[in-house]
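Asks: Going down the list, the protein sequences come from chains A and B. The end of the first sequence is residue 78 by my numbering, with every number in the run present. The end of the second sequence is residue 618 by my numbering, with every number in the run present.
It cannot be assumed that every hint is accurate.
Dumping the calculated PhoX-like pairs for lysine-lysine here, alpha-carbon to alpha-carbon at most 25 Å [as the list claims (entries may be wrong)]: (1) A:Lys-45 to B:Lys-416; (2) B:Lys-396 to B:Lys-255; (3) B:Lys-27 to A:Lys-45; (4) B:Lys-27 to A:Lys-2; (5) A:Lys-10 to B:Lys-9; (6) B:Lys-416 to B:Lys-330; (7) B:Lys-5 to A:Lys-10; (8) A:Lys-2 to B:Lys-14.
To be clear about the criterion: a stretch of chain A counts as covered by chain B if any three or more of its residues have a C-beta under 8 Å from a C-beta of chain B, and this derived list gives those stretches [as the list claims (entries may be wrong)]: (9) 34-43; (10) 51-61.
It is worth saying that the hints were derived from the structure and are not from the lab. None of these values were measured; they are calculated from a predicted model. The beta-carbon is built from N, C-alpha and C at its ideal position, and this holds for glycine as well.
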Amino acid sequence: MKRLNSILSKVLGIDESLITDKTSPQNVDAWDSFNGLLLVSELEKEFNVKFTMDEVMSVKCVKDIKECLKRHGIRLLG
Amino acid sequence: MDNLKKIIKIISSKSINGVADYISLYKEIRQEIENAQLQEQKGIKKIKLAILSSFTINGIKEVLSVKCCEIGVLPEFYIGNYNQYSQEILNKQSGFYKFEPDLAIVFIDIMAVLGEQYLLPYQISDKQRREWADEKLNEILSLIQKIKENLSAKVIIHNFEAPLRSPMGIYEGKHKLGFIESIELLNANLRESFKNDSQVFVFDYNSFCSKIGKQNIMDYKLYYLADMKIDLQYIPKLCDEYLGYIKPLMALNKKCIALDLDNILWGGIIGEDGLEGIRLGPTPEGMPFLEFQKYLLSLFQRGIILAVNSNNNIDDALRVFREHPYMALKEEHFAAMQINWNDKISNMKAIAEELNIGLDSIAFIDDDKLNREMIRKALPEVLVVELPEDSSLYLKTLMEMNDFNTFHITEEDKKKGSMYAEQRKRKEFHKNALDISEYLKGLEMTATIERANSFTIPRISQLTQKTNQFNMTTRRYLEEDIQKFSKNGRFLVVSVKVEDKFGDNGITGAAIVEKNIALENNIAAWRIDTFLLSCRVIGRKIEEALLAYIIKLAKKEKAKELIGEFIPTKKNVPARDFYKSNGFKLANIDNGREIWIYNMDKGYAHPDFIKVIIKEEN
Chain A
1 MKRLNSILSK VLGIDESLIT DKTSPQNVDA WDSFNGLLLV SELEKEFNVK FTMDEVMSVK
61 CVKDIKECLK RHGIRLLG
Chain B
1 MDNLKKIIKI ISSKSINGVA DYISLYKEIR QEIENAQLQE QKGIKKIKLA ILSSFTINGI
61 KEVLSVKCCE IGVLPEFYIG NYNQYSQEIL NKQSGFYKFE PDLAIVFIDI MAVLGEQYLL
121 PYQISDKQRR EWADEKLNEI LSLIQKIKEN LSAKVIIHNF EAPLRSPMGI YEGKHKLGFI
181 ESIELLNANL RESFKNDSQV FVFDYNSFCS KIGKQNIMDY KLYYLADMKI DLQYIPKLCD
241 EYLGYIKPLM ALNKKCIALD LDNILWGGII GEDGLEGIRL GPTPEGMPFL EFQKYLLSLF
301 QRGIILAVNS NNNIDDALRV FREHPYMALK EEHFAAMQIN WNDKISNMKA IAEELNIGLD
361 SIAFIDDDKL NREMIRKALP EVLVVELPED SSLYLKTLME MNDFNTFHIT EEDKKKGSMY
421 AEQRKRKEFH KNALDISEYL KGLEMTATIE RANSFTIPRI SQLTQKTNQF NMTTRRYLEE
481 DIQKFSKNGR FLVVSVKVED KFGDNGITGA AIVEKNIALE NNIAAWRIDT FLLSCRVIGR
541 KIEEALLAYI IKLAKKEKAK ELIGEFIPTK KNVPARDFYK SNGFKLANID NGREIWIYNM
601 DKGYAHPDFI KVIIKEEN
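Hey, can you work out the whole structure from these sequences and the hints?
Replies: Here you go:
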């Protein structure tokens, strides 16, 4: 969770404490299409995974990201 | 604290590990950058960068802004509208031109150039492909020409990434003009088109992609989702390439490399290991140092000055230079050598003084972390190279530096390194000569005077830009200006090349003379617009030889008077008495500008110890 939150915080410019499963482009101004793709790029780098295009398009909130990572074998602690 | 310093402080307090770090850092310093731009602060380096591209290049502005601030340059950007590069270039009223950039980067990607052909290259014949390649080249050349008509900025045009694969597979190379070859042809033609252009530079994007790996350069998801043609993670590396152009534009390029000796030019410590014990030569331990030396030598050969800053017994160190069979670098390659037991800070200052260059022109290479830290703290203007511990990485580290770039390298520049050694020999000779006339005669000087031509024009322009001391009028001219003068029959533009028995000084003097100017009293007169000598050859009466040539020519063409202007500046004191001591009379002072007149009825002889050769046009 820490690594994920740290990346979300860095890319979206929001405080880690404010990140919940419901955090999404709807409630975070900075989560625009470019930052969304930057998130994809950073997460792939950090967790050494490659998301599919479908997965990227299907992610709508932080919860979706966590599910995605889980499907790639990443266990998020905490 | 001024804003730029504040920005640099913020940047150096963060750890930057990738593109997201740059972008989030940019958001932090963005306001400070805007504040700094509003301040009217003197002496701050500023750059206006325009980037036009055929695809989405989000991220470049943020990353490059941080990188510019890191090197002490305040950036301002104009990013062209998405895929509007053609329109922006063709429209004189476009935001691109209104912005008046210092540097314009044009990045057209291969898919934009090829269109359908990128995936369907064999829809057309080889013949049609050749026509297509010519057409594309002309399109691009026209666009660049349009930019040149409207901007004097330096222009960087990306060349094209030659595709990795073709549907033809291994048969690709058998075509008369295959798909991949046509891109290579386009790139070759692009390069050829700008070889003689001092304003436009072709950035070898094809080579950059190979460096990253063409297999890696694009993330297909990002391409399909957002038309991004380069993976976000490689944007910092691309920006590093752009710094290669920004640094010389901001005069941040380094002219001199100061080197430690032990564990830099050879493995081991000469004072302890002795000549036989140090590692240098064609063995596994010696090769890294030998090749490192050779690369330094190649930089010397294109005009980078080398210096030594080492704590050693000078005899031990010189012994290696003089006796070791594998030294690629010899004493003559070094412009200055501070080999002693003084602190390296004092040595560095002494080197800068001896070579008459700023500390900010020097890059320092030393394997000792403490020395590096010490110089970094005491002399922050010096670039201290972060050398890896592994000597097998020395060569790579040096090759990857982009701090030595310049936009122009003349023949004189290439010889700069060797001129220092020659100058040392001249000084020795001077010390030993009985008097000044023995010294001057003994130099056996030859001055070759030649009318400006395409070979000498860049150097003449460079001299007008750089010469401050022996310069009568300090008028600065670009190459284009010198070209205009030399094409104009009413002007005489000449260069002077000085050689002596110690070596060739290169072109070190120039004059621009306006012929047959109309005077009120109808006297035919010539006017010396520009008359200068590089400080390298001051004090040897070369100026008299050049003046003699001008007078002789003026007499031949029936001029009655020769007018010399002198505009005093803080720096041209050495030239103050030139016209006075050579028979000119002060006629007038107009707003500080002195008008001196030479009456042609007088004779003038040039000094006899200089052999003057007049090179006529072929």
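Asks: Each hint should be assessed against the structure and marked as holding or not.
Replies: Right, here's what the structure says about each hint:
1. Restraint check: the Cα-Cα separation between A:Lys-45 and B:Lys-416 comes to about 47 Å, which exceeds 25 Å; the hinted pair is violated.
2. Taking the CA atoms of B:Lys-396 and B:Lys-255, the gap is about 19 Å. The hint holds against a cut of 25 Å.
3. Distance hint between B:Lys-27 and A:Lys-45 is fulfilled; the C-alpha atoms sit about 21 Å from each other, no more than 25 Å.
4. Taken as a hint, the B:Lys-27 and A:Lys-2 pair is honoured in the structure, with Cα atoms around 22 Å apart against an allowance of 25 Å.
5. About 19 Å separates the Cα atoms of A:Lys-10 and B:Lys-9, which keeps this hinted pair within 25 Å; it holds.
6. For the given pair, B:Lys-416 sits about 16 Å from B:Lys-330 by alpha-carbon distance, which is consistent with the 25 Å threshold.
7. Simply put, B:Lys-5 and A:Lys-10 have alpha-carbon atoms about 24 Å apart, close enough for the 25 Å limit, and the pair holds.
8. Of the supplied pair hints, the one linking A:Lys-2 and B:Lys-14 holds, its CA atoms being roughly 19 Å apart against a limit of 25 Å.
9. As drawn, the segment 34-43 of chain A meets chain B at 6 residues by the rule of a beta-carbon pair under 8 Å; at three or more, the given contact holds.
10. By the rule of at least three residues with a Cβ nearer than 8 Å to a Cβ of chain B, the coverage given for the segment 51-61 of chain A holds, with 5 such residues.
Going down the numbered hints, you'll see the structure goes against just number 1.
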